[in-house]
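Colleague: Work out the full structure: start from the sequences and follow the hints.
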Amino acid sequence: MADDIINLPKRKKLVVIGNGMAPGRMLEALFKQTPSIYDVTIFNAEPRVNYDRILLSLVLSGEKSYADIVIHDDAWYAEHDITLYKGRKVTAIDRNAKRVMAEGGISAAYDTLVIAMGSSPVTLPVPGANLGGVLAYRDLDDVNNMLAAAEKGGRAVVIGGGLLGLEAAAGLQSRGMQVTIVHLGPTLMERQLDMAAGHLLRKSIEARGIAVRTEAQTQALLESNGHVRAVQLADGTELPADLVVMAVGIRPNAKLAEAAGLEVNRGIVVNDRLSTTDPNIFALGECAEHRKTCYGLVAPLYEMAKVLAGNLTGKEDTYQGSVTATKLKVTGIDLFSAGDFTDSEEREEIVLRDGARSLYRRLVLEDGRVVGAVMYGDTSDSAWFFELIKNGTDIDDIRETLIFGPNYARGAPQDPTAAVAALPDEAEICGCNGVCKRSILESIAAHGIADVDGVRKHTKASASCGSCTGLVEQLLKLELGETFNPAAVAPMCGCTALGHDDVRRLILARELKTIPDVMQALEWTTSCGCAKCRPALNYYLLAAWPGEYTDDPQSRFINERAHANIQKNGTYSVVPRMWGGITNAKELHAIADVVEKFNIPTVKVTGGQRIDLLGVKKEDLPAVWADLSAVGLVSGHAYGKALRTVKTCVGTDWCRFGTQDSTGLGIRIERFMWGSWTPAKVKMAVSGCPRNCAEATCKDVGIVCIDSGYEIHFAGAAGMDIKGTEVLGHAKSEQETLEIVVALVQLYREQGHYLERMYKWARRVGVDTIRNLVLEDENRRADLFERFVYSQKFSQHDPWSERAKGAEAHEFRPIADVSNLQAAE
Amino acid sequence: MKEDQDWVDVGTIEDVPPRGARLIKAPQGPVALFRTADDVLFALDDRCPHRGGPLSQGIVHGHCVTCPLHNLVINLETGNTQQPEDGRVSSYKVEQRDGRILLNLRALPHEDIA
Ligand code: SRM
Ligand SMILES: Cc1cc2nc3c(=O)[nH]c(=O)nc-3n(C[C@H](O)[C@H](O)[C@H](O)COP(=O)(O)OP(=O)(O)OC[C@H]3O[C@@H](n4cnc5c(N)ncnc54)[C@H](O)[C@@H]3O)c2cc1C
Ligand code: SF4
Ligand code: FES
Numbered sequence: 081m082a083d084d085i086i087n088l089p090k091r092k093k094l095v096v097i098g099n100g101m102a103p104g105r106m107l108e109a110l111f112k113q114t115p116s117i118y119d120v121t122i123f124n125a126e127p128r129v130n131y132d133r134i135l136l137s138l139v140l141s142g143e144k145s146y147a148d149i150v151i152h153d154d155a156w157y158a159e160h161d162i163t164l165y166k167g168r169k170v171t172a173i174d175r176n177a178k179r180v181m182a183e184g185g186i187s188a189a190y191d192t193l194v195i196a197m198g199s200s201p202v203t204l205p206v207p208g209a210n211l212g213g214v215l216a217y218r219d220l221d222d223v224n225n226m227l228a229a230a231e232k233g234g235r236a237v238v239i240g241g242g243l244l245g246l247e248a249a250a251g252l253q254s255r256g257m258q259v260t261i262v263h264l265g266p267t268l269m270e271r272q273l274d275m276a277a278g279h280l281l282r283k284s285i286e287a288r289g290i291a292v293r294t295e296a297q298t299q300a301l302l303e304s305n306g307h308v309r310a311v312q313l314a315d316g317t318e319l320p321a322d323l324v325v326m327a328v329g330i331r332p333n334a335k336l337a338e339a340a341g342l343e344v345n346r347g348i349v350v351n352d353r354l355s356t357t358d359p360n361i362f363a364l365g366e367c368a369e370h371r372k373t374c375y376g377l378v379a380p381l382y383e384m385a386k387v388l389a390g391n392l393t394g395k396e397d398t399y400q401g402s403v404t405a406t407k408l409k410v411t412g413i414d415l416f417s418a419g420d421f422t423d424s425e426e427r428e429e430i431v432l433r434d435g436a437r438s439l440y441r442r443l444v445l446e447d448g449r450v451v452g453a454v455m456y457g458d459t460s461d462s463a464w465f466f467e468l469i470k471n472g473t474d475i476d477d478i479r480e481t482l483i484f485g486p487n488y489a490r491g492a493p494q495d496p497t498a499a500v501a502a503l504p505d506e507a508e509i510c511g512c513n514g515v516c517k518r519s520i521l522e523s524i525a526a527h528g529i530a531d532v533d534g535v536r537k538h539t540k541a542s543a544s545c546g547s548c549t550g551l552v553e554q555l556l557k558l559e560l561g562e563t564f565n566p567a568a569v570a571p572m573c574g575c576t577a578l579g580h581d582d583v584r585r586l587i588l589a590r591e592l593k594t595i596p597d598v599m600q601a602l603e604w605t606t607s608c609g610c611a612k613c614r615p616a617l618n619y620y621l622l623a624a625w626p627g628e629y630t631d632d633p634q635s636r637f638i639n640e641r642a643h644a645n646i647q648k649n650g651t652y653s654v655v656p657r658m659w660g661g662i663t664n665a666k667e668l669h670a671i672a673d674v675v676e677k678f679n680i681p682t683v684k685v686t687g688g689q690r691i692d693l694l695g696v697k698k699e700d701l702p703a704v705w706a707d708l709s710a711v712g713l714v715s716g717h718a719y720g721k722a723l724r725t726v727k728t729c730v731g732t733d734w735c736r737f738g739t740q741d742s743t744g745l746g747i748r749i750e751r752f753m754w755g756s757w758t759p760a761k762v763k764m765a766v767s768g769c770p771r772n773c774a775e776a777t778c779k780d781v782g783i784v785c786i787d788s789g790y791e792i793h794f795a796g797a798a799g800m801d802i803k804g805t806e807v808l809g810h811a812k813s814e815q816e817t818l819e820i821v822v823a824l825v826q827l828y829r830e831q832g833h834y835l836e837r838m839y840k841w842a843r844r845v846g847v848d849t850i851r852n853l854v855l856e857d858e859n860r861r862a863d864l865f866e867r868f869v870y871s872q873k874f875s876q877h878d879p880w881s882e883r884a885k886g887a888e889a890h891e892f893r894p895i896a897d898v899s900n901l902q903a904a905e
Numbered sequence: 006m007k008e009d010q011d012w013v014d015v016g017t018i019e020d021v022p023p024r025g026a027r028l029i030k031a032p033q034g035p036v037a038l039f040r041t042a043d044d045v046l047f048a049l050d051d052r053c054p055h056r057g058g059p060l061s062q063g064i065v066h067g068h069c070v071t072c073p074l075h076n077l078v079i080n081l082e083t084g085n086t087q088q089p090e091d092g093r094v095s096s097y098k099v100e101q102r103d104g105r106i107l108l109n110l111r112a113l114p115h116e117d118i119a
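Protein sequence lines correspond, in order, to chains A and B. Position 279 of the first sequence, counted from 1, bears residue number 359 in the numbering used here, the numbering being contiguous throughout. Position 14 of the second sequence, counted from 1, bears residue number 19 in the numbering used here, the numbering being contiguous throughout.
Derived from the structure by calculation, the hints contain no laboratory data. The model shown is predicted, which means the values in this text are computed figures rather than measured ones. Glycine included, every Cβ here is placed at the ideal spot set by N, Cα and C. Be aware that a few hints might be false.
Stated by the list, open to error - Not the full set, but computed from the structure, chain B residues with beta-carbon under 8 angstroms of chain A: (1) Gly16; (2) Ile29; (3) Lys30; (4) Leu38; (5) Pro59; (6) Gly63; (7) Val65; (8) Asn76.
Modeller: Shown next as structure tokens:
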């Protein structure tokens, strides 16, 4: 009876094998149709949700965490009523029973089956390939294994100089390993690049300190106690290795389909509707073979995903194959390749080179159309060329200036926004996610988007590999005009096109150790920088190479150079440290004495629980400091991008509500951390109970004591912006609190942009990411702590007593006094 | 020559840090003596045309100095402030003879500095 009334069709059973990027995208498209006509069950051999495999290289290099690259979290599966079996490999498909069987005795019946099992890394058939320490590069487990190996340092050999091999090599190198790439072909990435570009690429890779061996055939992996110890080449060379990563190619996972009697060639053969030889079974992604092609990049797979979603909802969509383009995700290396650029009789080429700037561009033409493009060094016009290739545009009219890109081709001024403006509406901006110019512009207008993050959220453009971020910014600029301010990737200053992150990374990757080195290697456009970049570089180098880098006083703002704050009339202020706001009679006497002795006009209690002496003449500073040093008063760094104050309340010492020794903890932290330089100033506070009299919840780092321990807060501010803190976590002891706070500040020291307060850094990097690194990952925390302690060895000395004893004397004395001469004229 | 009386010895180039400055107490007030990265010397009044900031305390880059108080950039060759501001600082001739730095206390007329 009920059936007569509720006449809804029963939902069909859709089973998906594999939970990678392609089916993830397909399901998203499928769920746009509501109510869903499918009950979805997914089997995934990996024990996790769908994440962005492309970004594994950034997890390897440390620029992102796993949490950052998750595409669909558990909540998403719950929301769409999907049964997801994690860590359950499908072992057989029974086409007669329309059922799949998986490990652990689980099985599921289907009306429609989608096979999306991706590919497997190829293992070289050489002796020793199964030894310990030999890894592939395909999933998160591989990355975690590489990270564990890199912890111990030592040597890594990466076999394979293609996209994956190079990204693995760069990642391991940035993790501190000594890396060699062994490559069978004559040049790196020879499938995507021609000889000339391959050569330039090799030079850049070698310049980072990675060794490259081409035309090198791996013969065997040699062992010691079951673990790899060296890679032996065909010419007899032995390369010592503690870790070997094989990145020699991928093979579509087609065995299961073959066993089920589906037609299989290299991959699972599908037609334009993506159906296999069984009309109830579809194949999608890297495991599918369409018109004799198997793809290994995400953009074509996403196109397939869209088509398949359409088909599953009753449309008659067809997939026509894709032209692919490749970019390498190694910071500082810009390369692009698309289409087909092999030489042949009917083809002509146009080449542009600039040896000094390592710039190379080659276009391959056939019948008045561009069929292939290789670019190295400057890939800013790649989207335009890719469009020409995909559309088969007739370029005869613009042939003369074609190679210079769209600006010249249309006689427009050379400016990147104009180049993007010149792109047709259909031009694909984000290759990974197949987002075109029009849909980005429409989203910007429709959702009032003001930054790249907004575009990522609404269109997914730039959310995968990120190499189109520049184009997306240009589109924002085009649409929003001057109101758009691309803070995240703005160049550091007018002297360079690089942003802060790039500069910081390159300093480490290329081991740049002086300001002139950085300016030379990173092609600064000015001879010695400007007042914006020099202090930033000085800090970055100091933070990167503690003990090695010699501070450059001339690149410091006067306050830090003179260790006092300059005032509006050219005099200075002196603020001694008052640990945790506690002082005593001896210190107060000394302060009173210098005020009288040097006629210091103003004495003020600051907002930071200490005393400010204002209006000191510059020449008097060393003598004032000498008197203060005599009773043990040291610099309060009130002038520095450094630890300022740790405000405290009276805590259990006196207060009837105090739960812990807030004063003692504040003093302990201040004594441990003073003297360290930071991207911007760092202010802290410790309150003895949640009444929070030390105002800990608007500080860069704040601690609120509670009965059960210490609540650690961070990323607050109360200056130009007012922002309450975020809770980082909870600690049980003073020692644990100290360790967490120190690790947090060290992470900020390593990642913050110069002049970026902690709350802005947290907003940029993500509170969760920071919490993961500092709180959840104990090894990481211990490393951060150790690095801070090491760098303190070189920075925790009182600059005042040093200057009182004569250091940098020239800073405080005129070079000459000729004021007694008669004034000229 | 009358002009000769205006030259005074103020020290050696080693006394001035490269990309830095030292102060000269002169009869007309403080004068800043700059040494650029390429070892060229410049002398200008130590007073920013904006609100009198002491230019000798600024960061020296190229042939410019950035005022420490509000970041105005002054061209050391001309004494002019960078566009879009328009201000000018008086400057003086400096020469090196026999390893000594000589400063001419007579301020340069504006036209001399093209
Ligand atoms: C002396 C003091 C005011 C006072 O008389 O109490 C003060 C004075 C100055 N503050 Fe402050 N701030 C003082 C506490 C604060 C506080 C309150 C606090 O620390 O609890 C804040 C808000 C909290 C915060 O920072 O979030 C504060 C927010 C600022 C800001 C805005 C920072 C921001 O990121 O929004 C600036 C500007 C800057 O740093 O770029 C600033 C900058 C300055 C400078 C350094 C301006 C300058 O560049 O010359 C002033 C230097 C005076 C001098 O020569 O000593 N001062 N300033 C306080 C010194 C505290 C100390 O003992 O070190
Ligand atoms: C390190 C790295 C960097 C890359 N960089 C780029 C890049 O910059 N640009 C680009 O376009 N592409 C890049 N790629 C390629 C891109 O990630 C793949 O093309 C894409 O992820 C393939 O998607 P897929 O859904 O077909 O397969 P996958 O994402 O591989 O998913 C297949 C899933 O199926 C599961 N599976 C396999 N067998 C079974 C079974 N029997 N039962 C159940 N589950 C099974 C697997 O465990 C896996 O989780 C990169 C790949 C890697 C590894
Ligand atoms: S609020 Fe701070 S920066 Fe502003 S005038 Fe007062 S002390 Fe100076
Ligand atoms: S006083 Fe020089 S910029 Fe304001």
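Colleague: Each hint should be assessed against the structure and marked as holding or not.
Modeller: Going through the hints against the structure:
1. Checking Gly16 (chain B) against chain A by beta carbon gives a least distance of about 5 angstroms; that is within 8 angstroms, so the hint holds.
2. Taking 8 angstroms as the C-beta contact cut-off toward chain A, the hint placing Ile29 (chain B) at the interface holds, the least distance being around 5 angstroms.
3. About 4 angstroms separates the beta-carbon of Lys30 (chain B) from the nearest beta-carbon of chain A, less than 8 angstroms, and the hint is met.
4. The beta carbon of Leu38 (chain B) comes within 6 angstroms of a beta carbon in chain A, closer than 8 angstroms, and the hint placing it at the interface holds.
5. Annotation: interface hint on Pro59 (chain B) holds; nearest CB of chain A at approximately 4 angstroms, less than 8 angstroms.
6. Interface restraint check: Gly63 (chain B) against chain A, minimum CB-CB distance 7 angstroms, threshold 8 angstroms, status holds.
7. This hint holds: Val65 (chain B) has a C-beta 7 angstroms from the nearest C-beta of chain A, less than the 8 angstroms allowed.
8. Residue-level restraint check for Asn76 (chain B) holds (minimum Cβ-Cβ distance to chain A is 7 angstroms; threshold 8 angstroms).
Hint compliance for this structure: no hint is broken.
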